[in-house]
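Residue numbers (this note's numbering), protein chains in the order written: chain B, 1 to 490; chain U, 1 to 96.
Treat the hints as calculated values from the structure; they're not laboratory data. Please note: incorrect hints may appear among the correct ones.
[Unchecked claim] Calculated lysine-lysine pairs in the DSSO-like style (CA-CA distance at most 27 Å, straight line):
(1) B/Lys264 to B/Lys284
(2) U/Lys83 to B/Lys393
(3) U/Lys50 to B/Lys457
(4) B/Lys344 to U/Lys83
(5) B/Lys84 to U/Lys10
(6) B/Lys284 to B/Lys480
(7) B/Lys249 to B/Lys264
(8) B/Lys18 to B/Lys84
(9) B/Lys393 to B/Lys413
(10) B/Lys284 to B/Lys393
(11) B/Lys18 to B/Lys249
(12) B/Lys264 to B/Lys344
(13) B/Lys344 to B/Lys393
(14) B/Lys480 to B/Lys249
(15) U/Lys83 to B/Lys327
(16) B/Lys344 to U/Lys50
(17) U/Lys9 to B/Lys344
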Amino acid sequence: MEHYDITVHEARALLESKQISAAELTESVIDRIDSVEPQVQAYVTLTEDVAREAAAAADKSLSSGDTTPLTGIPMQIKDVMSTKGIRTTCSSLMLENFVPLYDATVVERLYARGPVLMGKGNMDEFAMGSSTENSAFHPTHNPWGLDRVPGGSSGGSAAAVAAGECLFALGSDTGGSIRQPAALCGVTGLKPTYGLVSRFGLVAFASSLDQIGPLTKDVEDSALVLNAIAGHDPRDSTSIPGERPDYTKALTGDIMGMRLGIPKEYFGDGIDPAVDAAVRQGIKTLEDAGAIVEECSLPLTSYALAVYYIIAPSECSTNLSRFDGVKYGFSVDDATTAWETQEKTRARGFGPEVKRRIMLGTYALSSGYYDAYYMKALKVRTLIRQEFEEVFKRFDALITPTTPTTAFRIGEKTDDPVSMYKSDTLTIPVNIAGIPCVSIPCGFSEGLPIGMQVMGKALSEETILNIAYTYQQATDWHTKRPPGLGPGPV
Amino acid sequence: MPLTREEVKKLADIYHIRLSDEEIALLQDQMANILEQFESLTQLDTENVKPTSHAVPLATVLREDVAVPSYPHDEVMSNAPDKQGEFFQVHTVLED
């Protein structure tokens, strides 16, 4: 296997035993990017110079023995997290030339552990979308089928991990934006409990739903990256206080007697039979490993999509009102009044999906509709949370498909927002309830990956990661790499 | 039923965003389709339910008010589209 295709923990073993250097590993990934990036287009900005410098520093640390599990590991960061001195665009014309003054807390925490930043990941503009087609710069292509979307909004991150253009990536998940692309690109994606990871320096989309998490090749890597990024941050008032455990220690591979619920609303109508079959086979694997499996019901599941598409646009319309063409970001030069500057800056700086959500949010928050839409959605959110709390009294975790189908074709859903929104049906309830969830590869249909979710109650990352780890010990879906990428006919 | 042109225009005015005639026409239909999806929520009785604005209940978080140096002025201004000396420059706010 090529160096760019290995996992973080495999790379760590090679680096620490001096079988490769951080510089060699980084060059392997740079070569890989040179070769496949024209097809995949997973990056907005490449930072080879920063990467080579960091690799040299990592090699010094490695020779002095002053290392962490992430020393010298090539990574990508979704372009929604602030990186000091490196432009952070959110894949929007509004921030095309924006260079942050400071690092996001997650970036700061990672830098302290010595990984190598390869660049910033392409995404749907301001993280709004399910296909990465809403990037103002270019779409990203799914490494498993270049005519397919990688999912979104962290599509560049999932595609980069799958294609070997980094060893791990950080994404953000507001309604499935880590898990849905992870499923469609055949990688492992974790959305932690809301508040486990600091949002300071994450450009806000929907503040009560946004959460940062890792996209990796397997669950062991997921735990390693989570160890680095999780932690209380006084700069984020929604950050959960207290220490975080060592998540790698939870990966015992023992799930004997664990109670797994299979919520029936996540199966059946609208779910591709191949996805259904792969996930049911996955459940069987967990049962064979000693878990106790039982069907359960979450009757409010079908309401989550409506709740989400009221709350998220409402919060987005508020958050994005900061873009006024004055302090930073794009600004028009053909206005004569301050109001005109603002109106025209937003008209030209935001793309169609962002405008659609701003308008929806403004509608839901406007006088006369506030109670009927926004307040109603917040109340149903309470009911959905309670429903999860009830079911977690009986189960340690829930197993579901991540997406109703495998990756759809580029362009297939761009003209129909409602059909695009529905591709997040199975990922959204988790964000509404603030609970953690990991998506892992569990099979293929016509050469395209299928994902399976493991959901747990708040702060049960150790449990869900161990279940996912146990699954990966018994299967090899996570070891598959997309064939046929690189120069030449595909 | 599609939203009226005036309804969409009014929302754009509230938000201070300029939309083209084509954008308004498209949003009249698209927003109506999306809003239709929200109708299902009326089936649920939420009479005595408290709203959840954040999934993880946290009381107001307070910290010691400690003075720390701010970011250097020139760095803060470095992303400004238009500036004059130490200030952000904007066009006329109050018109005649």
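Evaluation of the provided hints:
Between lysine 264 of chain B and lysine 284 of chain B, the direct Cα distance comes to roughly 16 Å. Compliance with the 27 Å bound is thereby established for this hinted pair. For a cut-off of 27 Å, the pair hint linking lysine 83 of chain U to lysine 393 of chain B is broken: about 58 Å separates their Cα positions. A C-alpha spacing of about 21 Å is found between lysine 50 of chain U and lysine 457 of chain B, which places the hinted pair at or below 27 Å, so the restraint holds. For the given pair, lysine 344 of chain B sits about 19 Å from lysine 83 of chain U by alpha-carbon distance, which is consistent with the 27 Å threshold.
Restraint check for lysine 84 of chain B and lysine 10 of chain U: not satisfied, since their Cα atoms lie roughly 39 Å apart, outside the 27 Å limit. A threshold of 27 Å between alpha carbons decides the hint, and for lysine 284 of chain B with lysine 480 of chain B the separation of about 21 Å falls inside it, so the pair holds. For the suggested pair lysine 249 of chain B and lysine 264 of chain B, the alpha carbons sit about 32 Å apart, so the restraint of at most 27 Å is broken. Only pairs whose Cα atoms come within 27 Å are accepted, and lysine 18 of chain B paired with lysine 84 of chain B is rejected, the gap being roughly 31 Å.
Taken as a hint, the lysine 393 of chain B and lysine 413 of chain B pair is broken in the structure, with Cα atoms around 39 Å apart against an allowance of 27 Å. A threshold of 27 Å between alpha carbons decides the hint, and for lysine 284 of chain B with lysine 393 of chain B the separation of about 22 Å falls inside it, so the pair holds. Proposed proximity of lysine 18 of chain B and lysine 249 of chain B is supported: the alpha carbons are some 25 Å apart, at most 27 Å. A hinted pair counts as satisfied when its Cα atoms are at most 27 Å apart, and lysine 264 of chain B with lysine 344 of chain B does not qualify at roughly 48 Å.
A threshold of 27 Å between alpha carbons decides the hint, and for lysine 344 of chain B with lysine 393 of chain B the separation of about 52 Å lies outside it, so the pair is violated. Distance restraint check for lysine 480 of chain B and lysine 249 of chain B: the Cα-Cα separation of roughly 25 Å lies within the 27 Å cut-off, and the hinted pair is therefore satisfied. For the suggested pair lysine 83 of chain U and lysine 327 of chain B, the alpha carbons sit about 9 Å apart, so the restraint of at most 27 Å is met. For the given pair, lysine 344 of chain B sits about 39 Å from lysine 50 of chain U by alpha-carbon distance, which is inconsistent with the 27 Å threshold.
Simply put, lysine 9 of chain U and lysine 344 of chain B have alpha-carbon atoms about 15 Å apart, close enough for the 27 Å limit, and the pair holds.
The structure fails hints 2, 5, 7, 8, 9, 12, 13 and 16 (numbered hints given earlier, in ascending order).
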